[in-house]
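Protein chains: 2
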Amino acid sequence: MPKEIRLNAFDMNSVGHIQHGMWAHPRDQSPRYTEIEYWQHLARTAERGLFDAIFLADIIGVYDVYGASPAASIRNAVQIPINDPLLVVPVMAAVTKHIGFGVTSNATYEAPYLFARRLSTLDHLTRGRMGWNIVTGYLDSAARAMGLDRQIEHDNRYELADEYMEVVYKLLEGSWEDDAVVADRSGRLYADPAKIHAISHVGRRHRVNAIHLSEPSPQRTPVLYQAGVSTRGRAFAAKHAECVFFATSTKENVRAIVRDVRAQAVGNGRRAEDLVVFLSRSFIVGRTRKEAEEKFADYRAYGSVEGALAHFASSVGIDYAKEDLDAPLRHEQSNSMQSILEAVTTRSTEQWTLRKLLGQMGLGSRTMPFVGSAEEVADEMQGWVEETGIDGFNLSRVVTPEGLEDFVDLVVPILQERGVYKTAYREGTLRKKLFGGASGRLRESHVGASYRHRRVNDDGPDHASRPAVVS
Amino acid sequence: MPKEIRLNAFDMNSVGHIQHGMWAHPRDQSPRYTEIEYWQHLARTAERGLFDAIFLADIIGVYDVYGASPAASIRNAVQIPINDPLLVVPVMAAVTKHIGFGVTSNATYEAPYLFARRLSTLDHLTRGRMGWNIVTGYLDSAARAMGLDRQIEHDNRYELADEYMEVVYKLLEGSWEDDAVVADRSGRLYADPAKIHAISHVGRRHRVNAIHLSEPSPQRTPVLYQAGVSTRGRAFAAKHAECVFFATSTKENVRAIVRDVRAQAVGNGRRAEDLVVFLSRSFIVGRTRKEAEEKFADYRAYGSVEGALAHFASSVGIDYAKEDLDAPLRHEQSNSMQSILEAVTTRSTEQWTLRKLLGQMGLGSRTMPFVGSAEEVADEMQGWVEETGIDGFNLSRVVTPEGLEDFVDLVVPILQERGVYKTAYREGTLRKKLFGGASGRLRESHVGASYRHRRVNDDGPDHASRPAVVS
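Those protein sequence lines, which keep their order, are chains A and B.
Position one of the first sequence corresponds to residue 1 (UniProt numbering), numbered consecutively onward.
Position one of the second sequence corresponds to residue 1 (UniProt numbering), numbered consecutively onward.
Extracted from the complex, chain A is given alone in its bound form:
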């Protein structure tokens, strides 16, 4: 049987996510992101399409490099305003049964003791359907909002994130033993103090001595997601992530990255298949190729070049407001645009301008959508999976929710017919659905499992009044 394709609906608790300007399309409903019903419809639609998860991005801070101001981001709703992503998970969980939730949260700014409780609470409420996309942030505007002068330097952020993960693992995996909760009404014993341990952590940034506040949830540690392709980012992913994702580039690049991150995982004592790799991609699908192209033409009339530039300027740290959009791309711009150029065309020696380049993208973003009939979209997806070693796609929203509805109605049945997509959900938690296994817990070979409490002396003294320390 060919490899099963995995799918997430990639979204954000905001008006604009990646394809900027789309909110202005008459049928786009993203300005309803503040409404419970909006999220419930999204979740029901994705579950109807048997998606693995709703994947919610997040950003702390505002994109203010373009024009040295957040003005362009604000005008185009480029991820500002942006609401908290964790808080829409419960309402989606309330109207679905199987779909998972991969939600972004920032390891640089959230206190681990309080954040670990949020993860446990959500894993309880969703009955084991939670995932956490670990990010470290990259905006100076966020640093200034959090009492710092500027962002912590890139590799240093990952070092601190490593420490953060250690604290979170200790709390989620090490504090309560599996059978700590007894809930014996007749014996009047809710939990056994001998099986609950204060964790102790003294690190560079965090100092925590505490019992985890929540009792064990179905998965304990939620399924761990991580993005990014930097050298340090890949090492982090190979150690911690169970799902990895990144944006479109060439097949050659993707294949190399996938091979490298899987090899690094193996180097960490994990299996290559312990990582599920997603490519973020937009698809515009029609019943026919013509219908898809007409839809694309309709959508692209709303694409915001200014929005795309505002977003991209903060990503690469170049103020494009100072550039002539119609002048030939200079060398240093071309470098920062390299992965985009690669994706757009092989004619990279052609004379490009910023406007021409972003116009080519079409949808107010620096990524290129795939446009085609349902069969062509299915072909394209299978091609990437077969040729690069990825497992599936984060479907990045365009005009919402119709893009997801189109995909579920038109593409999913074809993928099912071809035998590359599930026809029903597996039972169990998100981790069981993605990786199988009996427990739905982190695999023993995952670093997080090493923080579980080990009973070294089962017939030793009563731990009740002197909680053991997990070091």
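No lab work stands behind these hints, which were simulated from the structure alone.
A few of these clues could be false.
Pairs involving identical chains hold if they fit within one copy or between any two copies, as the list cannot separate such chains.
Said to hold, decoys possible - DSBU-like cross-link-like pairs, simulated, lysine-lysine; straight-line CA separation at most 35 angstroms:
hint	residue 1	residue 2
1	356	195
2	195	422
3	195	322
4	295	322
5	422	239
6	251	3
7	422	356
Since chain A is already given, all that's left is putting chain B on it; use the hints.
Leaving out everything else, chain B in the frame of chain A:
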């Protein structure tokens, strides 16, 4: 018309809240606190009873003074495990239309920039039904979980909470002007950068320079709740709180506290009626007095003296595990028990023991439930409102959810017949429901309103590229 009585359902995202041991009762459903359906039933029931709000307590840390260990708290589920209260609000909001949500969050430990976004997100999702109960924490166990050696000293915590409120007001009230969001699809303008301002705060503890991440929600600042009767706590409430609550004591004490906190509010330029005062109380109600008494006898068989002591020990900082439960109360114990003794009996010179005292309470807590027929409960409530100046009650759960169901089915109709309780909800946000008014926003006389952006120079230079600073 007599004064309208206000009601909140007082609960916690945990097995044990205040009446300890009740989870062991065969009909108690509190061990289902991890389930969405559990919270939705609670919210539907309270809304059926036209309650003003679900009021959720919270605690960061664990009660570990009793026996110098958390063991007694763990055995009796005394607020441990405890899940995040904010995350159950969205599921309750999804199945209700009117009821509000007063949710506890800690001003000592949550970063204001991120917390303000949570408040805005919830106020959006609930369409203006959010309230925030401001606490500062009091447990050393929480401090140790958050990187400190011990709890910050009481009055100092309130000073820092004052600063925290200032930051939150700046973000919620001062960053986005009312008409900043344009959402003009044809003009491709989501929001007007000239009407969105970076707030600037440099204080003792917090340094924030940022645009608030969320667009204006219906209430902006949620309805503000605050508990506590300490001198510093009252001053804080008279400045910030719109709803005040505290636990049962004698009518004389309550009257004095209510009078004082209202007078202090007036001293701050507010009106006495700008504060809604709730008394926390448990009621056990039956169709007849006999039925109520039988219910009480049934419930009290499950009351946990150990649970009550574990809770109380951390509240007052005395390790009752070292005390003889059957010895006469010593003077310093009596002092810490004073408010309880007052509530139990006027015979405060009687020779009390710890066991006798907590047994008198009956339900594994240090508060005394009122037990009676629906008419008697209504009489008791009216008596307190008329004689002390309070506005209503936080109904503290006993055996859940049947206690709330009993109250809604039996007492609410009598209060309605007597004309002291609403027969329908007002339209609008929680603040409109509680205080009337057109805007549903903080009153102009409230300190939070002073942080709104004032346009000093409407025909001045374009602010777009140089955001104004709200000081």
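Status of the hints after comparison with the structure:
In this homomeric assembly, residue 356 and residue 195 come within 35 angstroms of each other (Cα to Cα) only across copies, at 32 angstroms, whereas the closest approach inside a single copy is 63 angstroms. Proximity of residue 195 to residue 422 under the C-alpha cut-off of 35 angstroms is found in neither arrangement, the shortest distances being 40 angstroms within a copy and 49 angstroms between copies. For the homomeric pair residue 195 and residue 322, the shortest alpha-carbon distance between copies (24 angstroms) is at most 35 angstroms, but the shortest distance inside one copy (61 angstroms) is not. Proximity of residue 295 to residue 322 under the C-alpha cut-off of 35 angstroms is restricted to the intra-copy arrangement: shortest distance 33 angstroms within a copy versus 76 angstroms between copies.
In this assembly of identical chains, the alpha carbons of residue 422 and residue 239 lie at most 35 angstroms apart only when taken from the same copy (29 angstroms versus 58 angstroms across copies). In the homo-oligomer, the alpha carbons of residue 251 and residue 3 lie at most 35 angstroms apart inside one protomer (18 angstroms), although the nearest pairing across protomers, at 72 angstroms, exceeds that limit. Taking the closest pair of Cα atoms, residue 422 and residue 356 never come within 35 angstroms of each other, the shortest separation being 40 angstroms inside a single copy and 64 angstroms across copies.
In summary, the numbered hints that this structure violates are 2 and 7.
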